[in-house]
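Chemist: Chain residues, written in single-letter form:
Number of protein chains: 2
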Amino acid sequence: MDRDRILLTPGPLTTTLRTRLAMLRDWGSWDGDFIALTAQVRQSLLRIIHGADSHVVVPLQGSGTFSVEAAVATVVPRDGHVLVLDNGAYCKRAARLTTLMGRECTVLPFNESAPVEPAALDAALAANAGITHVLLVHCETGAGVLNPLAQVAEVCRRRGRGLIVDAMSSFGALPIDAREIRFDALVAASGKCLEGVPGMGFVFLRKAIVEGCAGNSQSLAMDLHDQHRYMEQTGQWRFTPPTHVLAALAEALAQFQEEGGQPARLARYTDNYRTLVDGMARLEFMPFLDARVQAPIIVTFHAPGDPRYAFKDFNAGARAHGFLLYPGKLTQVETFRVGCIGAIGRNEMQQAVHAVELTLRELGIASGAPALQQRREG
Amino acid sequence: MDRDRILLTPGPLTTTLRTRLAMLRDWGSWDGDFIALTAQVRQSLLRIIHGADSHVVVPLQGSGTFSVEAAVATVVPRDGHVLVLDNGAYCKRAARLTTLMGRECTVLPFNESAPVEPAALDAALAANAGITHVLLVHCETGAGVLNPLAQVAEVCRRRGRGLIVDAMSSFGALPIDAREIRFDALVAASGKCLEGVPGMGFVFLRKAIVEGCAGNSQSLAMDLHDQHRYMEQTGQWRFTPPTHVLAALAEALAQFQEEGGQPARLARYTDNYRTLVDGMARLEFMPFLDARVQAPIIVTFHAPGDPRYAFKDFNAGARAHGFLLYPGKLTQVETFRVGCIGAIGRNEMQQAVHAVELTLRELGIASGAPALQQRREG
Chain A
1 MDRDRILLTP GPLTTTLRTR LAMLRDWGSW DGDFIALTAQ VRQSLLRIIH GADSHVVVPL
61 QGSGTFSVEA AVATVVPRDG HVLVLDNGAY CKRAARLTTL MGRECTVLPF NESAPVEPAA
121 LDAALAANAG ITHVLLVHCE TGAGVLNPLA QVAEVCRRRG RGLIVDAMSS FGALPIDARE
181 IRFDALVAAS GKCLEGVPGM GFVFLRKAIV EGCAGNSQSL AMDLHDQHRY MEQTGQWRFT
241 PPTHVLAALA EALAQFQEEG GQPARLARYT DNYRTLVDGM ARLEFMPFLD ARVQAPIIVT
301 FHAPGDPRYA FKDFNAGARA HGFLLYPGKL TQVETFRVGC IGAIGRNEMQ QAVHAVELTL
361 RELGIASGAP ALQQRREG
Chain B
1 MDRDRILLTP GPLTTTLRTR LAMLRDWGSW DGDFIALTAQ VRQSLLRIIH GADSHVVVPL
61 QGSGTFSVEA AVATVVPRDG HVLVLDNGAY CKRAARLTTL MGRECTVLPF NESAPVEPAA
121 LDAALAANAG ITHVLLVHCE TGAGVLNPLA QVAEVCRRRG RGLIVDAMSS FGALPIDARE
181 IRFDALVAAS GKCLEGVPGM GFVFLRKAIV EGCAGNSQSL AMDLHDQHRY MEQTGQWRFT
241 PPTHVLAALA EALAQFQEEG GQPARLARYT DNYRTLVDGM ARLEFMPFLD ARVQAPIIVT
301 FHAPGDPRYA FKDFNAGARA HGFLLYPGKL TQVETFRVGC IGAIGRNEMQ QAVHAVELTL
361 RELGIASGAP ALQQRREG
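Just so you know, the protein sequences line up as chains A and B, in that order.
Last residue of the first sequence: number 378 in the numbering used here, and the count goes up by one each step with no gaps.
Last residue of the second sequence: number 378 in the numbering used here, and the count goes up by one each step with no gaps.
Honestly, the hints are just simulated from the structure, not real lab data.
Do not rely on the hints blindly, as some may be mistaken.
Chain copies aren't distinguished; within one or between two, either way the pair holds.
[To be verified] The calculated lysine to aspartate or glutamate pairs, modelled on EDC-like cross-linking and capped at a C-alpha distance of 16 Å, are:
#1 K92 with E104
#2 K207 with D278
#3 K312 with D33
#4 K312 with D31
#5 K312 with D2
#6 K207 with D306
#7 K329 with D4
#8 K312 with E362
#9 K207 with E232
#10 K312 with E117
#11 K207 with D53
#12 K312 with E348
#13 K312 with D177
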């Protein structure tokens with residue numbers, strides 16, 4: 001049976017047929033209809049963060065990482081100094097792209113199983129007056145940790161430093177209110193919790209800083225100030241936009257609103273998360289993170305301790321049962337990840353757990369319990 | 001009637017329903033099926049230029065301009081010196097992005113109504129031994145000029161300089177044989193003559209230079225060496241790929257081969273071009289370019305000299321009749337452009353001319369003849 005598999009991955013994820021059907025039309029990129037579509041999407045995005053008064057939003061072609069790089073390139077002056085709060089793989093990527101483009105970059109390391117600490121940030125900023133910007137990954141999908149955005153933003157505001165937020169995998173699901181949280185740039189993408197298809201990102205820029213960003217970027221393609229200025233003047237994207245991806249995002253945003261916006265999405269993902277974790281607990285799987293720091297976006301599980309376990313086989317088994325899992329991204333511990341996001345609900349999560357159960361049985365693995373726990377019990 | 005309009009624009013363009021239907025499936029970006037799809041597309045692209053022995057091809061998220069910037073950033077060392085052969089808007093854009101990223105850049109200007117001159121290039125290279133790379137736009141869609149790729153490549157080969165080709169709007173339609181034409185990088189995109197949807201580009205890199213490109217790029221997202229290395233190791237894209245766009249490109253490539261590959265595509269576009277130009281000539285429109293330097297990709301026409309003509313109204317009229325034209329990009333002369341590419345044939349071009357005829361009539365414009373010609377006749 002050639003049936004679509006359910007993607008339990010943190011984007012690309014499973015979208016609705018309605019969203020994909022929006023891609024059946026071709027759009028002229030400078031036509032009035034497409035200009036209106038771009039404007040409509042931008043307005044919808046601003047409404048999600050209650051940011052119409054304080055921010056603009058600039059869409060950008062490419063993956064989410066392109067938009068993170070563009071945010072740093074545009075917002076941070078060439079002689080700026082970025083402090084990256086690092087508790088995972090996506091933080092390290094942000095530090096790498098910041099360093100590569102020639103901005104001074106300092107990394108403040110934290111444990112990847114815990115949120116970053118606002119007090120440590122405060123001390124670092126007190127100790128180094130040269131730091132101009134702080135970069136925070138809101139939800140670190142490397143392990144799945146939710147970082148304390150509001151507290152970090154408050155420290156930055158108090159210390160008078162700019163804040164760049166990678167909200168790639170949290171935007172649309174977790175609450176972000178621009179009236180309460182101060183940031184210079186916040187980055188997300190089409191193919192995550194908004195449940196569009198991948199192919200474009202977008203960056204919210206604080207209105208007060210936009211004009212000062214002129215000339216910062218050494219990249220033409222990634223210059224969000226230039227993209228914004230052109231878009232304000234013409235309504236068009238500077239370079240060929242991913243027209244079908246934008247049309248899908250517009251349709252995904254309509255469904256987002258119909259569902260009840262961010263609170264409803266968070267409720268569904270939280271239910272997905274609980275259904276998953278409860279079900280996996282029955283199979284004795286153990287989440288890597290403490291539940292108190294876990295975002296309901298993606299869950300890292302310890303690999304089963306059974307010697308018959310190998311991710312490759314486990315993954316192939318779940319795949320044969322119709323579900324795509326995600327490999328772990330931690331270097332020290334063997335893990336795998338399961339996403340809770342996308343156009344899926346309790347049914348899919350229950351069936352996913354069932355697929356895992358069938359797979360364990362086929363591999364002759366009696367329990368999902370990790371090695372450590374087995375030793376404890378033995 | 002909410003019927004899809006025909007896009008007579010140089011990308012995004014009109015695609016087949018079959019190509020768009022390929023976007024109805026969601027793909028896991030690290031799943032075996034998607035890895036196989038990526039490999040299949042890369043092989044198909046290499047076959048088009050007969051480049052499997054000499055080149056690799058690296059896909060990149062974003063618009064074509066992202067891939068042009070990535071090619072320069074990856075291929076040109078930080079102390080390199082790029083000579084841009086400039087006969088139009090896309091050449092100027094390439095020079096701008098080269099300068100912005102900090103590479104030394106010299107512009108060799110030519111008239112925008114004529115091809116660049118290999119002899120002038122030869123003289124410039126003879127006079128400046130510091131120039132390491134030459135950048136050529138194969139088909140300059142600013143006016144529609146076809147530039148002499150083979151002769152330019154030969155000069156670069158003889159002088160021992162690298163060549164970067166922006167083949168955005170020629171690739172797939174005009175012949176490019178890597179066995180005969182030597183280039184370091186050649187750039188194109190999904191949404192042009194291959195008739196896919198927009199959202200990704202790709203760059204052919206000469207195998208002999210790939211390893212030497214490590215560390216050149218100051219942009220992480222645009223580092224084609226890094227993207228290539230990762231793709232060779234894992235089969236995956238480094239960052240979230242535009243999965244649906246790639247699936248559409250794979251389906252577009254299948255149709256490209258079924259049609260008869262590049263020769264068949266060129267034959268259809270040439271027929272589109274002749275149908276257009278012959279039809280417009282009956283309405284007394286005058287092409288901006290001499291037919292000998294005109295690529296059958298996009299045609300720039302002089303605006304009618306009639307004082308009742310305004311592009312805005314003319315365009316709105318053609319649009320109401322179902323066709324999207326394209327504004328001119330020349331600064332000195334009033335023009336408009338009509339694309340000959342996309343999943344369209346003689347019928348569509350005949351109807352396009354008819355739509356223009358009806359529009360002229362509605363606007364009370366008796367003839368498409370430009371002001372100059374009217375003066376001549378007057």
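Chemist: Hint by hint, say whether it matches the structure.
Modeler: Against the structure, the hints come out as follows:
For the identical chains of this complex, K92 and E104 are intra-copy neighbours only, at 14 Å inside a copy versus 31 Å across copies, given an alpha-carbon limit of 16 Å. Within a single copy, K207 and D278 get their C-alpha atoms no closer than 44 Å, and across copies no closer than 51 Å, so neither meets the 16 Å cut-off. In this assembly of identical chains, K312 and D33 lie within 16 Å of each other by CA distance solely across copies; the values are 15 Å between and 47 Å within a copy. Taking identical chains as interchangeable, the C-alpha atoms of K312 and D31 lie at most 16 Å apart only when they sit on different chains, with a minimum of 11 Å there against 48 Å within one chain.
When the C-alpha separation of K312 and D2 is checked against a cutoff of 16 Å, the pair qualifies neither within a copy, at 21 Å, nor between copies, at 49 Å. For the identical chains of this complex, K207 and D306 are neighbours neither inside a copy (55 Å) nor across copies (45 Å), given an alpha-carbon limit of 16 Å. Taking the closest pair of Cα atoms, K329 and D4 never come within 16 Å of each other, the shortest separation being 25 Å inside a single copy and 44 Å across copies. Within a single copy, K312 and E362 get their C-alpha atoms as close as 14 Å, which meets the 16 Å cut-off; across copies the closest is 66 Å, which misses it.
For the homomeric pair K207 and E232, the shortest alpha-carbon distance inside one copy (13 Å) is at most 16 Å, but the shortest distance between copies (42 Å) is not. For the homomeric pair K312 and E117, neither the shortest alpha-carbon distance inside one copy (36 Å) nor that between copies (57 Å) is at most 16 Å. In the homo-oligomer, the alpha carbons of K207 and D53 lie at most 16 Å apart inside one protomer (8 Å), although the nearest pairing across protomers, at 51 Å, exceeds that limit. Taking identical chains as interchangeable, the C-alpha atoms of K312 and E348 are never at most 16 Å apart, the minima being 22 Å within one chain and 51 Å between chains.
Taking the closest pair of Cα atoms, K312 and D177 never come within 16 Å of each other, the shortest separation being 41 Å inside a single copy and 41 Å across copies.
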